[in-house]
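Colleague: Sequence:
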Amino acid sequence: TEEKRALYNWTKQHELEGVVFKRKSSMYTPGRPSTGGDQVKFKFIDPASVEVSKPNEGKRSVQIRLYDENKQPIDVGNVTIPANHEIPAPGTIIEVTYLYAFKGGSLFQPVYKGTRPDQTIENCRLGQLRYKAEHIDDDFHAKPETDGSAPARPKG
Numbered sequence: 041t042e043e044k045r046a047l048y049n050w051t052k053q054h055e056l057e058g059v060v061f062k063r064k065s066s067m068y069t070p071g072r073p074s075t076g077g078d079q080v081k082f083k084f085i086d087p088a089s090v091e092v093s094k095p096n097e098g099k100r101s102v103q104i105r106l107y108d109e110n111k112q113p114i115d116v117g118n119v120t121i122p123a124n125h126e127i128p129a130p131g132t133i134i135e136v137t138y139l140y141a142f143k144g145g146s147l148f149q150p151v152y153k154g155t156r157p158d159q160t161i162e163n164c165r166l167g168q169l170r171y172k173a174e175h176i177d178d179d180f181h182a183k184p185e186t187d188g189s190a191p192a193r194p195k196g
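Here this note's numbering is used: the first residue of the sequence shown is 41, the next is one more, and so on.
These aren't lab readings, by the way, just hints derived from the structure by calculation.
Computed from a predicted model, the values in this text were never measured in an experiment.
Cβ atoms here follow ideal geometry from the backbone N, Cα and C, with glycine treated the same way.
A few of these clues could be false.
List of simulated lysine-lysine pairs, DSSO-like, C-alpha gap at most 27 Å [to be verified]:
| hint | residue 1 | residue 2 |
| --- | --- | --- |
| 1 | K64 | K52 |
| 2 | K81 | K143 |
| 3 | K62 | K172 |
| 4 | K81 | K94 |
| 5 | K172 | K44 |
| 6 | K52 | K62 |
| 7 | K81 | K64 |
| 8 | K52 | K111 |
| 9 | K99 | K44 |
| 10 | K44 | K111 |
| 11 | K94 | K64 |
| 12 | K64 | K44 |
| 13 | K83 | K44 |
| 14 | K64 | K153 |
| 15 | K44 | K81 |
Simulated restraints on C-beta separations [what the hints assert, rightly or not]:
| hint | residue 1 | residue 2 | range |
| --- | --- | --- | --- |
| 16 | E43 | G154 | 37 to 43 Å |
| 17 | K111 | S66 | 50 to 56 Å |
| 18 | K111 | Y171 | 45 to 51 Å |
| 19 | A123 | Y68 | 22 to 28 Å |
| 20 | R63 | K94 | 42 to 48 Å |
| 21 | P87 | G144 | 20 to 26 Å |
| 22 | F84 | H125 | 35 to 41 Å |
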């Protein structure tokens, strides 16, 4: 348990995508179970307030954007709008969750959460994003201690 917590904390601290824990005694089985299973995945998702720039013609998705420090709009990709929600109009502030952002690019795996009438365009800034880690030293494999600096490689 201590090693798993250390790995979880180290992974989160280094802003990686997440972590998967597997039962030590489990066998490999291809595919995913419909429920339960021998593995647990923790994705580190973050929320973001974004502005809808325009709907995608003929699709249930919209283009989204944020603003840089000079208040210039920056496109950050598209997000699908579920069938049980109305497609928001251009200029609407919405909330999405995402796994990470690419510098100068888009949000990875954005998920629509709803409109945010309580937010303003000032909240739609690039500075709120968490970017994909570009390079991570593989030091948790090399260090056996669990002092918080890097976890030991898990044994199970």
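Colleague: All hints, please: hold or fail.
Modeller: Results for each hint:
| no. | hint | verdict |
| --- | --- | --- |
| 1 | K64 to K52 | 22 Å, holds |
| 2 | K81 to K143 | 25 Å, holds |
| 3 | K62 to K172 | 24 Å, holds |
| 4 | K81 to K94 | 34 Å, violated |
| 5 | K172 to K44 | 22 Å, holds |
| 6 | K52 to K62 | 18 Å, holds |
| 7 | K81 to K64 | 15 Å, holds |
| 8 | K52 to K111 | 30 Å, violated |
| 9 | K99 to K44 | 42 Å, violated |
| 10 | K44 to K111 | 42 Å, violated |
| 11 | K94 to K64 | 48 Å, violated |
| 12 | K64 to K44 | 12 Å, holds |
| 13 | K83 to K44 | 15 Å, holds |
| 14 | K64 to K153 | 36 Å, violated |
| 15 | K44 to K81 | 13 Å, holds |
| 16 | E43 to G154: 37 to 43 Å | 38 Å, holds |
| 17 | K111 to S66: 50 to 56 Å | 52 Å, holds |
| 18 | K111 to Y171: 45 to 51 Å | 20 Å, violated |
| 19 | A123 to Y68: 22 to 28 Å | 36 Å, violated |
| 20 | R63 to K94: 42 to 48 Å | 47 Å, holds |
| 21 | P87 to G144: 20 to 26 Å | 21 Å, holds |
| 22 | F84 to H125: 35 to 41 Å | 25 Å, violated |
Hint compliance for this structure: hints 4, 8, 9, 10, 11, 14, 18, 19 and 22 are broken, all remaining hints hold.
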